[in-house]
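Once you have looked at the hints, place chain B on chain F.
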Amino acid sequence: MKPILIRNGHLIDPSSGMDSPRDLLLADGKVAAVDKPGKIKQAGAEVLDARGLVVAPGLVDIHVHLREPGQGYKETIATGTAAAAAGGFTSVCAMPNTIPVNDSPEITRWMLSPERNAAIHVFPIGAATRGSMGEALTEYGSLHAAGAVAVTDDGKPILGDRIMREALIAAARAGMPVIQHAEDTRLTGGCSMNAGPVAFRLGLRGMTVEAESSLVERDIRLLAEIRDVRAHLHVAHLSTKAALNAVRKARRNGLRVTCEVAPHHFVLNEEAVGNYNTYAKMNPPLRAEADREAMIEGILDGSVDAIATDHAPHAAHEKQQEFERAPNGITGLESALGLAIAVLHVKHRMPLSRVVSLLSTQPAHVLGLKGRGTLAVGSPADVVLFDPLKKWVFRATASRSRSKNTPFDGWTLQGKVHATISEGQVVYRDSGK
Amino acid sequence: MPAKKKVSSAAPRPKATAPTVAESAIHPASVLSVTQLSLPDVQHILKLADELEKEPPARRNQRLFKRRVSLLFYESSTRTRTSFEIAAKSMGADTTLVSDKSSSIEKGESLKDTGLTLRALGAECIILRSPYSGAPWLLAQSTGLPVLNAGDGMHEHPSQALLDLRTILQRLKKSGPLTPTTLKGITLTICGDIFHSRVARSNALLLPRLGARVILCGPPPLLPEAAAQIAPADATGSIQIERDFNRALEQSNIVMMLRIQAERLAGLALDLSEYKARYQANAERIAQYAPQAVILHPGPMIRGMEITSEVADGPQAAIEQQVHNGVAIRMALIYRALGVAKAGRAR
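Taken in order, these protein sequences are the chains called F and B. Residue numbering for the first sequence follows our numbering, starting at 1 and increasing by one per position. Residue numbering for the second sequence follows our numbering, starting at 1 and increasing by one per position.
Bound conformation, chain F alone (with noise of 0.2 Å):
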């Protein structure tokens, strides 16, 4: 593998604080060194000139659904992270709602092998109970020793207040976080969008705040039960104010509790739906415009410790179906970076290196990533070269993704991706159209 130089960027690497115009050599698959421009010399290196672009740590998802094993026509971990690769992501988490659920270590260590040809690297989460329907725990130690980072039964809420307390205990014996996708089940049966007017009007059952906010309550009570453990407890798309709240004061009491919000949560809210508009359906539901407002200023004011894109690809005749009927659901790796920058940088000034550091460096510690999002010398080679400046129009058809369900085809994005190196490999190049 050639050594790679970077040139003449401006490199963000919020694990070191670092926000100024640096040079980056990579090789072997690692960062090799970091020094300021034209320090560097490397004969034989293949030489990038990122002039005008930022260098920052690739991109980390802690919230995709790659659909292998089980459901190719959707999405393939080829395809997934090809995806990923051009939306500037270099590791992403793949939740285990798959077919079968990914509940053992032979499906963990399938989805890991080369054989499924990932274009970055793809950390798997285990199920937390055994084909993730909340009666018995999963084997956390071996889940974990075949490379899962963390157990959730992510759209299935653990709902039962014993099991989930075990899952807590064990998975923090194990060294991972339970993520919740926080939804009390018994509240939300028959709905399909956020609850209030537009779902009124619309002849639509609509999902309370409180179906989210009472089980996000639940589970820190349960926390706080058994403190002592230490357990660490993720909250998977948070979406209103009222569970947001409850995340903080749980930090305030010292409890571990983190949490991460979604592109589209900040970016739309309930009117999206427009006449039943499948794509944009999704659980949890777009909600009302203060709930959008409430999640902007958790990102802002540091509440909130990830962006993940809960990229949920789906086949076309899956979405062309009666609103009710269809199924939940995005797809975000190709769109998260040009929102994330139009909406938290450009409209509420939020730095770049924070942008950067809310889709790389904090989602990799929330989830215990080692090495990942960071520059740091000797850690994987995974690095985004972007353009901040650039405004491009986003387009569903051009998607490496397999499915082409987004609301954001059409929509003028900021921010993109020039290339994207995953272990020293150059795995995205923009062909600049």
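These aren't lab readings, by the way, just hints derived from the structure by calculation. Even glycine gets a Cβ: it sits at the ideal position worked out from N, Cα and C. Any given hint could turn out to be false.
Which bits of chain B does chain F cover? Going by a derived footprint, with three or more residues having C-beta under 8 Å, they are [what the hints assert, rightly or not]:
| # | stretch |
| --- | --- |
| 1 | 109 to 115 |
| 2 | 226 to 236 |
Derived pair list, reagent style BS3-like, types lysine-lysine, alpha-carbon separation capped at 25 Å [as the list claims (entries may be wrong)]:
| # | chain 1 | residue 1 | chain 2 | residue 2 |
| --- | --- | --- | --- | --- |
| 3 | B | 107 | F | 319 |
| 4 | F | 156 | F | 241 |
| 5 | F | 370 | F | 391 |
| 6 | F | 404 | B | 66 |
Structure of chain B alone, referenced to chain F:
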């Protein structure tokens, strides 16, 4: 789409404001929601209904001679289906009825594919009833044909609101052009299971645009507070909630009773005897609180539950007139749908 937009929304929007491919594929003579109809559209439909109703049957029979209208019904229906069918046939059209119990729908065929099949078989207009809110958009987008919404889930029942409007105008002896003040000073109470009622939604989304004050009445499980917030942006009237039926009646010129939709209740515990005590339209209550009001009911009625026979069959009731008006309104909607298709002009 004139669907109600809330202000604010600082969320960024796409540069291009052109309708999406799917939205633009909707045939302009479709009626998916009353919110899509401008007041001139509504007036045109009412006028057409008058015209078609008065026309000698032999002449009317030539209007849509041998044109093909499909009725696609995923839910049972008496009034709506029959009156659409009679309406189409009385203008000479051929109708085919496809229902979920006797078709490939049972085998799992999607709405999109069913629509494409009907189109390939020569359907020029599809009248859809579906248990899913919003299904008419999917059908209209998939087929490009004019689609008439004959009731979609809990969402809307536009032809019912139009026939209710015709009935109201007749009873109030109002004629002339429809304006934002046509129903100024008129209060209509809709009482019962508002939450599950597409009739309530269509009326609440239409009548306030003519100046009417719509009072929604029912217990909280059947009438969430959010219901008061759905008034269209161009409403000159209003939507209010009043939990006390008697107080609502006192203010009303028109009272529309709704059935409890047992099939959609899904676990709501409702004390029916208490419900009757509070919300039933019975002779004593109507005599005391609304002796002059016109009583409407979209059907099906559950006599002895939300309404008693004395009221339903009494002189204040205009329930049969509603059914009768259904045929005229539906003739107008079908004629409008096919007329545009044939002439190729977007109204």
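Against the structure, the hints:
1. 109 to 115: Our answer is that it holds, as 3 residues pass the Cβ test (under 8 Å) against chain F, meeting three.
2. 226 to 236: holds (count 4)
3. B:107 with F:319: Since the Cα atoms of residue 107 of chain B and residue 319 of chain F sit roughly 19 Å apart, the hinted pair holds (cutoff 25 Å).
4. F:156 with F:241: holds, 22 Å
5. F:370 with F:391: Status violated; Cα separation ~33 Å.
6. F:404 with B:66: violated, 42 Å
The structure is inconsistent with the numbered hints 5, 6, although it conforms to all the rest.
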